[in-house]
Structure formats: C-alpha cells, structure tokens
Amino acid sequence: MESKLAVSGNAGPKIRSDCQMELGLTHDGGIVIDLKSKVQVLYGESIKNQCREILSFFGITNAVLKINDSGALPFVISARLEAAVKQIIDTDLDFLPGIYEENKYPSKRDRFRFSRLYVPGNTPSMMINAGLHSADGIILDLEDSVAPEKKDEARFLVRNALRQISFNGAERMVRINQGERGLKDLEYVVPHYVNLILIPKCESPDQVKVIESKINILRSQYGLPGEVFLMPIIESAAGVEMSFDIARASEMIVAMAIGLEDLTADMGVTRTKEGTETVYARSRIVNAAKAAGIQPIDSVFSDVGDMEALRLNVLASRTMGFEGMGCIHPRQVPVVRQGFAPQQEEIEKSSKIVLAYEEARRRGQGVVAIGTKMIDQPVVARAQRIVDLAIRLGLMPEDWKNDVPADNE
Amino acid sequence: MNNQLRVEMATPTVINAAGRAVPREVNGKPVIPFMGVGKYKPVGNKYGPPVPSCSDYPDDGNKVVSTLEEALLRCGIRDGMTISTHHHLRDGDLISNKIFELASVMGVKDLVWFPSASFPCNDPVIRYLEDGTLNRIEGSMNGPLGRFVSDGRMKGTAVLRSHGGRVQAIQDGDVKIDIAVLVAPSADAFGNARGTGGKSACGVLGYAKADSMYADKVIVVTDNLVDLPCFPAEIEGNYVDYVVVVDSLGVPEKIVSGTTQITKSPDRLLIAELTAAFLEKSGILRDGVTMQAGAGGTSLAIAVFLHEMLKSKGWKSKFGFGGSTRYMVEMLEQGQMGYILDAQAFDLDAVLSVSKNPNHIPFPVFNAYNYHSKGNLTSMMDIMILGATEVDLNFNGNVVTHSDGYLLHGIGGWQNCLHARNVILPLPLFRDRIPVIVDEVTTLCGPGELIDVIITERGIAINPLRTDLLENVKNSGLPVRTIQELKDEAERICGKPAKPVFDDKIVAAIKWVDGTIIDAVRKIKQQS
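In order, the protein sequence lines correspond to chains A and B.
Numbering-wise (the working numbering), the first sequence opens with residue 1 and increments by one.
Numbering-wise (the working numbering), the second sequence opens with residue 1 and increments by one.
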C-alpha cells in the first residue's frame, strides 16, 4: 500500500534552521504527522497545521509525514514539503507563501554592484540574515553551491526566499544553472521579483538570447512590471574570446563577471595570488564590458580569513577597471565596498576640479586650470563621475559645494 | 499522587511588586516577595558562625587529614546539612560529585547542595537527588539538572540566586552553610589557599571567600600542597578546619577554556559592531570609561572593537571588571585599561596575567556584587554587556528558563550587573526560530527599569526611560526602533510562538539581589 517515499531538506547535528521531510502517500488513515522539532513546545502545533494546509492544498488526504526540524522558518517548511510532494505527484499547482510588499522593488541599470554576496541556494541558515550585511546584491545560488541531487528542492527554497526574506534593498539576484536546467530555474524565480539573473559559464551570445527570450515570455505570461537584468559570467577561454559579443547580446545585460576558478581550470593553469596567468582575460573582460557600456565585475576572493589580502586584491582589481567583486562571506562585504568606493584623496582632488570647471564656465573661460595646471575635458568628466559616486555613497554631502572652498580663488 | 497534592496545597502564593505570583514560603521557610528595586530594607545583624578556639586546632598548623571522607566525618556531616562549593573549576570539577557520592555511601540523607554554580560535569548528582542523599540544590541548574527540576522530580524546591545574592544570603544568614568544601589549586597545610599555581590553576577564588568566612566548618581540598605560607591567600587559613590533599581536583582543559575565541558568526559580529557603534555614538564610551564584558563570543568581539576605538582616540578605560579574558588582558598590557578587577579568569592568558601583573587584581564577588553592603562596584560601571534568553516589551529580562519553560541557566552575576549605569544586551532577534523579544518573559529575573538597551542584528531598542540615550543617538544614523517594532519583526519572520504549559507546582524560586522573591518557576505539564 505504501507508495514511493519522498525525501527533501536537511537534518543532522550541524544543520540549523532547516528540516527534513519524509513523505509517503497512503490509501487511508488520513494525514499522520510524526514531528521531531527543536522548537516543539513553541511551534509544534503550528508546524503540523502548516503541513496539513499544504498537503490539503495539493489534494493529499492520506499520507504519512515524518519531519525532523531544527528550527526551520515557515517559508523553509513550505519549500521542503512542496519539494517532497512534487517528487510523488504530478501537479501544476504552486504553494506560494505571501510575498513581503517591501520585496517588490525594481533595480536600476546603473546601480552600484561593488559587492554581491553569494548565498548557497539550499542552505536556509545562510539566507535568513544575508540582507543585513549591506551587500549591493544578494545572489541566491542554484548552481555550484548546490549538490546535484539537491538542485530540484533548492528551487522551491530560493523561490520562497525571494518572497519572504527581506534583503533590505540589496539587488535581488539568482545564479541559475547551465543549459536546460537553467531555463527551467527561471520559472521559479522570474515571477517573484528577481532583479538580476547571473548566467554561469557563458560562452556565446546565443546562450544569453535564449535566456532573454525565456524571461520575456515569463514576464508577459505573469504580467510582471519592472525589468530583469542579466549578468553573464565568463569562466572559460572560449568565453573570454567571445566576451564583447556576449556583452552586447542583450539589452538586459548590465554587467559582466569573470569567474577565475573555472577559467584557470579551463586554461590548465594554477590560480595565483598575483593573477599573472589571467591578466589578459581580466583585461579583455574589462575592455569588452566598457566598450559595451556595462559594468565589469571581478571574480570572488576565496580566502575568507585574510581580509588584508582581500583589500589588496580589491585595490588591484579596481585599478584594472573592475567595478565590483563577488563575496563568499558576509565579512568580505565591507572590505570590498570600501575598496571600490572612491578614496578620500580622490574625492578631494575631484571636487576641486569640478569647482574649477564651474568657475571657468561662469567666467566664460574656455580653459580650466588649477593653479598653473591645465585640466582637460576627460579629466573633468572623470572628476564629475567620482563626485557623483561619492555623493551617492554618502561619502560627501549633496550640497558639498557650499562647504568646500575652491582654492583657485 | 496524594503526596504531590499535599505539596501543591501547601504553597500559597502572593502577587509581588512585579506582578508575579510567588510563594510565601520556600522549603518550609517564610520568604519576602519582591517589593521593587531598592525597596526592601533589611533589619538586624549579619549572621555569625560559631566562635572557634585555637585550642581545638594543631599548634603546628598542620590541618591535613587523609581523605575527604575523614574530613566530612570530622565536620560532623549528618542529615539535612547544607554543603557549599564554588565553581571556579567550572566544567572540570571532580570534587563536588565526590562529596555526595561519599555522603550517599555513609547513608546521609536530605542534604542541601549550595554551589555558586553548577556545570554539565555535575549532572551525576542527579543520582543523589534520586536516592535521597540530596533534598535539593540551591544554585544554578543547567542541562539535564534543569530538566530534572523542571519535570518536578527534585524533592525540595530549588532556589536560584545571583552571585551577589548568594553572598547576601550567606551574610544575612538566609542560608547557613554547615560545611564548605572549597577546592583550591594551591594551598598550605594551615588552609591558606589561592587560585594560581599547580596543575588545576583557575586564576582566582572570588566566589569562595564568603563561604570560607561564614560556614560552620571549612574543608580546603587541593592537589598542590605548598609550604606555608601560600601567599597571596584568597582563602585565609584562619577560617579553615581541615585540609585534604587529593591526586587531582579536576580536568585542566575543562577548568579554563585554553583560549577564548571571538565569534566567527557574521551575524554575531554584526551585533558586536553595532554595539560598539552605539557605545561610541551615544557618548557612553569616553576617556576613563569603566566596563565589563563577559566571555561569550559576541561580548569578546565587542571588547575587541572597543579596544580599537579606545586606541584610536587615545583614551583609556579606568578599570575593567572581570570575568577576564585575553582580550581584556590585551587592553591592560597595551595601555588602554588601567586595572582589571577580577572575580574569575576565563582563559589561560587571564590566569597567567593574574599571577604576574600587579594591576590585574583578584577581587572577590563579595566586594563587587553583594547588595546588602555599603555600596558595590556594579553601580559604578559605565558599560555592562549582558545576555538573556528573553526580553519582553517592558524590557524585563529572563536568564534562567528558555522559552519552552525549562530551567537551563543560572543567574550568575547577571542581576547584580543590572545596577550598572548602562546595561546593554546584544542579542540575536531570534535563535533558530525562537524569538528573543516576547510579550512577557517566561520567568522574570531582572526588572525592565534596569535594562537600558537591546541591540539586535535588526535594530536597537532603547528603554523609553532612557530619554538621554534616545536624545544622544537621534541623528546618529543608527537603526533605532521601538521594542514593539522589533518584536513584531521577529514574529513576522518566525510566527507567533505558543506558550509552554505549566502545572501549579513550584519547582524553583528566583531571588532578587536583596533576597526577596522576584518570580517562581513552575513544573512543566507533562503531555498526555
């Protein structure tokens, strides 16, 4: 009489904020729930009620459900049970927890993407507080950080996280899988106010176009407002050679990243701290991105314990022209943000240039000078960019011109 | 069944000044309900132990007897006595259990164990609670012991006191210690003893001082007998009846946690960072500031951040109050702290520092925490970093039970420290799924009027009574929110928790620092 047993989620001595579900359909006896929970006294009844509601939603009236719970939040419980249900019945229904109103924000093409924090897509404990660390973007990862046999259930978790975790204004990103699986991933995230999709191991403009069209179909199907942006990740020698074409493959692309672990593996070289082996690849990505008018984004730095090495790495990256970097630990975020933000002496110098330029304009002078040094137009433009950046980052007040005396007067 | 019914009917309760239903008597003795902070004024004189005579002690000063059993017999151990111990050997203590093992073999019944704290290593005493050797424990309950008590299986009623409350109870004669068994990492044959030296070094013996002075009989147990004088003595030989030498007092690696580590959790570090930022922007951190920070991972991280701030501003903390750790020792050694006044050393660096640095001063809890004395140290502290299992909308705090109703922690110095100028509780908004901010604490341990600031990863709540702090951080950019907002957010994320269901039977009384009863813990109702 027992049907196939479905298992989803995680349990074990080191697992927190997750649960493991074992679901088997039966022919009679109603819903029987065997719950073992760390929060039994406080939420035992609530967990059982939630599970009954979900099973009834899917039309299941007879089943045995075994739950081993380490303090999973409701969105996790829903995701785990839905994943189990869908292993044993065919259904078009989706059990969607309510979406937080505050999660429905759009992104902007030119917003900062200094730091984007990777969060494994099947690890609830790392998702819950991800939005607290001031990263510019949070990436819920369905690809490399999820074990192959867990990839299906991760989709429900990531979908529910997009609905019920507040990322405090960070850009809401998802890294999908490669190929067909990646296209299917889109169905689980695009309808839920995702801001940006990362495309792993991108090697051709066609890969981007397939994703673009699938997103457009989903957007019209669900009548979704707001834009969805794309960030292809270049992780192979072939991808590097195609990078300019990739960068221009879709209007949706706002940034292009490089993934050095896979790239060095593909090239058959060892990744070094100095990065000599990837100088060409990185320069090429930066150049292609700039030529296409999008942001070049650097690879992650894998030694999470060495903040000084990270700081130096960020400065080198910035010097090369990158405008952001991936983070694999929340503590990397402030270091990366600080590194990509304009430095104090740059801000001071730039504000002087901007003031001198405005003064010259007011006097009808064609030539801008600070002291005896002539300032070219591109220098003024760059200075203006740095000042704008500093204002947007809150490093200088919007009305800074009232505070800074121009020293050419 | 009949028996239990009689117990329940024999514990009438009264509503105290905090609105809690507390017993009128505990273990057959009348008690005073909490009357409000600073409201209860004690009368009468301090307790005095019997007057001894030198004629009863050896002229050569050698008080060594061959075994602990002999010492207990010579002390006249018998049914119903109160035996005290201290917890400086923490989870490495081998002696406390031994006392009750010996008593059990002797057939002694109904003892009261009065430890300054208990640890998981003391779980075996459950056996002696079951076989009748022990009637009850008056001290902290952790893990399985807490569960045993919460399930209503202990014969007597537990009494939980703060470290200062314990000294108060001893001094005032609320608790009369018949025999104090005081382990000492170094001692001489006369009974002078200290916490440094030997293989069981724990640093200081602050918690044992009152026991040594007020107990009828005092046994010092050591595994490091040194020539007289054992100096500087924290326990003075004049108070000591017998000295016992054993092979080993404890498990060294469990006595001090070799190194204390700051938290690696990014979320806890965020809370620590926010706490440091709050202390700076509220103006609490200043040159000459006095502070205490515990040994928890978050507290240590806060200490590190504060150290950096003091250094960069060229400021110096006048003194820090231990539990000391290497992070406090670093402040002392690098010149950002004048003195460490220390009641317990948490790690090896701290133990080493006490024995070599004259500005790292053993400072008994006696002088720091006792509310029935002529002022104490805690009210002079500017920064007090504390924890809690729950805080409620009125800023009341709970440290002894978890939200599921089970006793799980002792009070420690927590209640005593609430008298500091700025009491800061850095806490996660929820642990796994369990909200830390609740409508009403399961057990009241500290009145909200003494708790100033709650700092969570999702915002800072300042007690509305602290209008000065609210004003100071108004335009600071810090995420200041009301405690109601924080509670609502926790419940939005976790869901509204159900409440544990209790029996009427009172299993533990919670004392306030002045010896009055602030709350009672009830037996968990067994699920049918």
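Everything labelled a hint here was simulated from the structure, so no lab data went into it.
Check the hints yourself; a few may be wrong.
Computed list of lysine to any residue pairs in SDA-like fashion (alpha-carbon distance at most 20 Å, straight line) [claimed, not checked]:
| hint | chain 1 | residue 1 | chain 2 | residue 2 |
| --- | --- | --- | --- | --- |
| 1 | B | Lys264 | A | Glu45 |
| 2 | B | Lys499 | A | Lys290 |
| 3 | B | Lys474 | A | Pro13 |
| 4 | A | Lys66 | A | Glu53 |
| 5 | B | Lys313 | B | Tyr406 |
| 6 | A | Lys36 | B | Lys487 |
| 7 | B | Lys487 | A | Tyr100 |
| 8 | B | Lys264 | A | Ile31 |
| 9 | B | Lys264 | A | Ala309 |
| 10 | A | Lys38 | B | Gly143 |
| 11 | B | Lys264 | A | Pro13 |
| 12 | A | Lys290 | A | Val335 |
| 13 | A | Lys36 | B | Lys474 |
| 14 | A | Lys38 | B | Leu408 |
| 15 | A | Lys184 | A | Ala237 |
| 16 | B | Lys496 | A | Glu45 |
| 17 | A | Lys38 | B | Lys499 |
| 18 | B | Lys496 | A | Gly44 |
| 19 | A | Lys38 | B | Tyr406 |
| 20 | B | Lys499 | A | Gln40 |
| 21 | A | Lys4 | A | Glu22 |
| 22 | A | Lys104 | B | Glu489 |
| 23 | A | Lys214 | A | Glu180 |
| 24 | A | Lys14 | B | Gly297 |
| 25 | A | Lys48 | B | Lys98 |
| 26 | A | Lys352 | A | Ile386 |
| 27 | A | Lys36 | B | Lys499 |
| 28 | A | Lys48 | B | Gly297 |
| 29 | A | Lys38 | B | Lys98 |
| 30 | A | Lys4 | A | Ile31 |
| 31 | B | Lys29 | B | Ser53 |
| 32 | A | Lys14 | B | Arg431 |
| 33 | B | Lys155 | B | Lys505 |
| 34 | A | Lys36 | B | Gly495 |
| 35 | B | Lys496 | A | Pro97 |
| 36 | B | Lys499 | B | Lys474 |
| 37 | B | Lys487 | A | Ile386 |
| 38 | B | Lys525 | B | Gly76 |
Hints and how they fare:
1. B:Lys264 - A:Glu45: Violated - the C-alpha atoms of A:Glu45 and B:Lys264 are around 34 Å apart, more than 20 Å.
2. B:Lys499 - A:Lys290: violated, 59 Å
3. B:Lys474 - A:Pro13: Not OK: B:Lys474 and A:Pro13 at ~44 Å, beyond 20 Å, violated.
4. A:Lys66 - A:Glu53: holds, 16 Å
5. B:Lys313 - B:Tyr406: violated, 45 Å
6. A:Lys36 - B:Lys487: Not OK: A:Lys36 and B:Lys487 at ~26 Å, beyond 20 Å, violated.
7. B:Lys487 - A:Tyr100: Distance of about 17 Å is within 20 Å: holds.
8. B:Lys264 - A:Ile31: violated, 42 Å
9. B:Lys264 - A:Ala309: Roughly 18 Å separates the two Cα atoms, so the pair holds.
10. A:Lys38 - B:Gly143: holds, 15 Å
11. B:Lys264 - A:Pro13: Holds, at about 19 Å.
12. A:Lys290 - A:Val335: Outside the cut-off at roughly 24 Å; violated.
13. A:Lys36 - B:Lys474: Violated: A:Lys36 and B:Lys474 sit about 46 Å apart, past 20 Å.
14. A:Lys38 - B:Leu408: holds, 15 Å
15. A:Lys184 - A:Ala237: Not OK: A:Lys184 and A:Ala237 at ~27 Å, beyond 20 Å, violated.
16. B:Lys496 - A:Glu45: holds, 11 Å
17. A:Lys38 - B:Lys499: holds, 15 Å
18. B:Lys496 - A:Gly44: Holds, at about 12 Å.
19. A:Lys38 - B:Tyr406: Holds, at about 13 Å.
20. B:Lys499 - A:Gln40: holds, 11 Å
21. A:Lys4 - A:Glu22: Roughly 10 Å separates the two Cα atoms, so the pair holds.
22. A:Lys104 - B:Glu489: The hint holds at about 18 Å.
23. A:Lys214 - A:Glu180: Holds: A:Lys214 and A:Glu180 sit about 11 Å apart, inside 20 Å.
24. A:Lys14 - B:Gly297: The given pair, whose Cα atoms are some 18 Å apart, holds under the 20 Å limit.
25. A:Lys48 - B:Lys98: violated, 46 Å
26. A:Lys352 - A:Ile386: OK: A:Lys352 and A:Ile386 at ~12 Å, within 20 Å.
27. A:Lys36 - B:Lys499: holds, 18 Å
28. A:Lys48 - B:Gly297: This hinted pair is violated, its Cα atoms lying about 35 Å apart.
29. A:Lys38 - B:Lys98: violated, 34 Å
30. A:Lys4 - A:Ile31: holds, 16 Å
31. B:Lys29 - B:Ser53: Roughly 32 Å between the alpha carbons, so the hint for B:Lys29 and B:Ser53 is violated.
32. A:Lys14 - B:Arg431: holds, 15 Å
33. B:Lys155 - B:Lys505: holds, 12 Å
34. A:Lys36 - B:Gly495: holds, 18 Å
35. B:Lys496 - A:Pro97: holds, 16 Å
36. B:Lys499 - B:Lys474: Since the Cα atoms of B:Lys499 and B:Lys474 sit roughly 36 Å apart, the hinted pair is violated (cutoff 20 Å).
37. B:Lys487 - A:Ile386: With Cα atoms ~41 Å apart, B:Lys487 and A:Ile386 exceed 20 Å; violated.
38. B:Lys525 - B:Gly76: The hint is violated at about 40 Å.
Hint violations for this structure: numbers 1, 2, 3, 5, 6, 8, 12, 13, 15, 25, 28, 29, 31, 36, 37 and 38, all remaining hints satisfied.
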